[in-house]
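Just so you know, the protein sequences line up as chains G and L, in that order. Residues in the first sequence are numbered consecutively from 1, following full-length UniProt numbering. Residues in the second sequence are numbered consecutively from 1, following full-length UniProt numbering.
The set of hints was computed from the structure by calculation and includes no laboratory data. One thing to keep in mind: the hints can contain errors.
Same chains, same label: a pair holds when it works inside one copy or across any pair of copies.
Claimed, not checked - Within a straight-line C-alpha distance of at most 25 angstroms, the following computed BS3-like cross-link-like pairs (lysine-lysine) qualify:
1. Lys303 - Lys214
2. Lys29 - Lys517
3. Lys303 - Lys499
4. Lys214 - Lys144
5. Lys160 - Lys144
6. Lys480 - Lys96
7. Lys517 - Lys72
8. Lys135 - Lys381
9. Lys221 - Lys506
10. Lys214 - Lys525
11. Lys303 - Lys240
Since the structure is predicted, the reported quantities are computational estimates derived from the model, not experimental observations.
Okay, here's what each chain looks like letter by letter:
There are 2 protein chains.
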Amino acid sequence: MPQEVVIIGSVSMGPKAAARFKRLELDSKVTLLDQETLISYACGGISYLVGGDLMGAHILRQTNFQVLRDEKYYREVLGVTMRTNTRALSIDRRDKKVLIENTATGERELLPYDKLVLATGKRPKPFSVPGADLKGVFDVYSLKSAERVREWIVNPGASKAVIIGGGLTGLELVPALSDMWDIEVSIVEQSSQLLPEHIGPSLAMMVKHHLEEKGAAVYLKESIVRLEGNGTVQRVVTDKRILETDLVIVATGVEPNSDLAKEAGLDISSGGAIMVNNNMQTSDPLIYAGGDCVEVTNLITRKPGYFPWPSIAQRQGRVIGTNLAAGNAEFKGAVGNYAAKFFDLTIACAGLNIHAARREGFDAVTAMVSQIERAHFFHQKDHLYLELVVEKTSGRVLGIQGISDAGDGLVGRVNTIAALLEYGPSASEVGNLEIAYAPQFSAAMDVVNTLGNSAENVLFGRGRTMDPIEFKSLWPEMGKNGWIVLDTRFTHEAEPFVKRYPDRWKHISTTELLARKHEVPRDKKLIVLCKTGERSYDSHVILNDMDLEDNRNLQGGLMYLMQCGMISPDLTEVIEHEMLVQNSESLGPEDEKEDLLFTAMRQG
Amino acid sequence: MPQEVVIIGSVSMGPKAAARFKRLELDSKVTLLDQETLISYACGGISYLVGGDLMGAHILRQTNFQVLRDEKYYREVLGVTMRTNTRALSIDRRDKKVLIENTATGERELLPYDKLVLATGKRPKPFSVPGADLKGVFDVYSLKSAERVREWIVNPGASKAVIIGGGLTGLELVPALSDMWDIEVSIVEQSSQLLPEHIGPSLAMMVKHHLEEKGAAVYLKESIVRLEGNGTVQRVVTDKRILETDLVIVATGVEPNSDLAKEAGLDISSGGAIMVNNNMQTSDPLIYAGGDCVEVTNLITRKPGYFPWPSIAQRQGRVIGTNLAAGNAEFKGAVGNYAAKFFDLTIACAGLNIHAARREGFDAVTAMVSQIERAHFFHQKDHLYLELVVEKTSGRVLGIQGISDAGDGLVGRVNTIAALLEYGPSASEVGNLEIAYAPQFSAAMDVVNTLGNSAENVLFGRGRTMDPIEFKSLWPEMGKNGWIVLDTRFTHEAEPFVKRYPDRWKHISTTELLARKHEVPRDKKLIVLCKTGERSYDSHVILNDMDLEDNRNLQGGLMYLMQCGMISPDLTEVIEHEMLVQNSESLGPEDEKEDLLFTAMRQG
């Protein structure tokens, strides 16, 4: 029997559910509602829109075949009624009716339903510092707000922008603003690293370095005190500085938009999201919900998780569409699998990063490797920088994060581990993972396998490691603090460092170590390193056998340090200035000297 | 207590096992043996060597850091004794001794062992047609034989080559020979398609078309009768033609080299491979074996499988190295996951193709899709062509194969499914698979998801499909045989075809179908198509609802046909000539006319 289905919200999940359902039940009636006029769009393209890469918002509203998904499209192709400018005010679950209001005319109407779908999405988290209501202050969490940013850039125009929040959304806007519009961008992030929800501190240092190289200013551990201006924003005042600006983008995160569901008495989680089962049904079986307004199972922690991402919404939409037509489709949950590109650098991350793992109560460690993407005899030699988060006791892999200029290769590998995460693979299984080998695409022992094997070595206590963050903190006093570097590369590679830092940089190549064992200083703690961490691991093993317990292998090697901006790109010297700047992060606001140095560097 | 370990075979698995073991037990003694002098090399690079991309064989024998892995390297860096030119003649398991012979001097010696590792590898399958022993006839299954090919190309030189066998090894040589050395290449394959062990017939047609476009001649369903020449090969005689040539490469497959193990009384499989448990131990627990001489579990069929691939050997080598040192590492098996690139075209395949699935007794079907790799609003728009092999009754995914010019993206996606295959994912799970979404790398509903969803539709009888092979067979008589095309694209897209083929090409765009239902001919069987199969699916659903049971959706759409060479690259006409040529495959040797046409085309 034909049904009447009402869907509230028409950005991504709602339209997908409608399309799938109508393909299965052509005779049933579907009404899609949205309070906006800009509906059915690809949220993932918002930074492109802001960046001016797209001719207009309509590009994001097209199908793959350049058809605008407007009211006419829904009516003629899918036989769905699309009502824009239409707000749902309340749900009468007993009588199965939705009270709706035309936002233009104020006209109200009761819409009956057999089944209801809530696709009410997300909204920006409250941001309520003084001045937040000034003109020139925007969020970018909807197509409408993104259009407003774009209009603002054109008129009155902007030469300086401050992005508040160093998460994915904020950082995606940096190239959009600076590459296309030549706007000088500053990022203010409250925590001690960029992307704290997504990657670990070492990879975050690489992202920061890359953004700075591209001309952006990054301020960590700073809080916004107030925004100032004369009707229009002119200054961002943090607890450490004042930033002149004519555009502010608030990207401090989102929260589920669940008011309607809550008022209708549906079960809401402590995080404010609508609760659903694996069929995407709310606590009222006639009401489905999906997309950015729901929580689903985090397949790693098995607790509820919030994954406001368009691809997740799409999949949930299809599940709901199937189930509206009496199907039994399931959405079992997500691990969180994200990719983004900032200028030349791609990041990809799946599952828990080290912070999340520890917050969730796992006794977690990380392993890091850098390795070329393809066979060593293949001509293209981009490096991948990967980090694996592993539970110490069980060896279970909890997450993977990575960075590379080779975006497709990085994303492909992180996707591969992401697909496995729900099965709780061990580090050893990742070490043996069957990555397709062809010299054009991978090494016989692919970087992913090296990562798994390195993690296994760490877990079994065979590899005692040091990460770039710790290296950074030891460097200024190195030589005096008991630590020295043991460089295991060839003589010609190590020479510039040995000459420059004779007191703290010793060289014995891996190929000579067995023969020159007696030259290893036994009164020093050793940071054993090479270019990538591969040769130094061999030396580390030999040193362990010599009972030198105080030797640690620098994970990812000099390539990791270089990507963090701590070693010059030609791998010949430690960048002292950058070190000071980096150190300023962990110092208090009284360190004005470093801040000045920092400013000088950026301007120089 | 230090052990004495002897490893027979030093190409890939053996050296890896040695290195891993020595890192764990530095005091133990390891002796590596090999009857050749060229040892410890990257087998995956052989086509590069033949193709002249590499300066010499030594490049394949280097570490990532340009150190030659020769006897000195093994001694000084790893503390391993490497004995080349040393053949193992027999194993005395009772006394734990290997009888070895110096291949130069004939000197013999008994080598004691505590543990023994067999890394005896593979050898070419017997190829014994008359003339197989002529000069100029080679295989490429070892570095030595690859070097001989290269030397032959330089002196006496070669202008025409015949590759016998259209598998991965054979096809990888086509660009190597034709791009670098300007050699005219013919491929002779016994079965009715290229790569019959790896991909299905539609994808194979794409590979064939691509090779032909690049100037290679492909002869299917032909057997070699004899090779002719006067000391040196001059002609290849098949059951259908005579090919003039001055170089023949026999690439008809490999078999495990297990004679030594067999003579020592170890368990050997019916396929001739050494049998091992998950710890890579043979039936004698003191003897390990791995690499191309063993069978391991096929994780899809759960039967023994043969996976002679360098990356598998590397992983097994590490497992053996760990277990030699009293570890408990496991190699649980493989699904078979391969990638290769022929000119611009990358293929990737994991698990069972449709032939293998049916041979293994699965009631299997396939789903095919073509979709752009990235978001539709992103500027790069390479297509991926994917095929999923699914068990009909259970919906379980058995394999995935694909083709694309976007090699990294393709390999990444196939790796992702490959990692899941052992867990027996359903088509629906692939539909919901959490591929990271960012417009630069994927669509919100990624091609992999579309593939899973399409397969689900096929399984549930919602999508009745047609593949390019069937389209090809119906085309010549179309219009007369009861079938016509219903083109669901826009008018401007369909127009060239409608004008050219008025009797068999009807057009009603998907956007108009609901309004123009009555125009659909009810007395014809319909091949519903669009560019990729996406819009036509919507039309297919509407036609089903009209009780037009005889309508079938062309999987992968015109893009699939185009890649097979059946539609012109600008998508405006069916290529009749090519169709005839393609048809000649299934015709007998009496069809000389087509063969002449074919020759004429190749020369024109």
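Query - Violated constraints from the hint list, given by number and in increasing order - result: Those not satisfied are hints 1, 3, 4, 6, 8, 9, 10 and 11.
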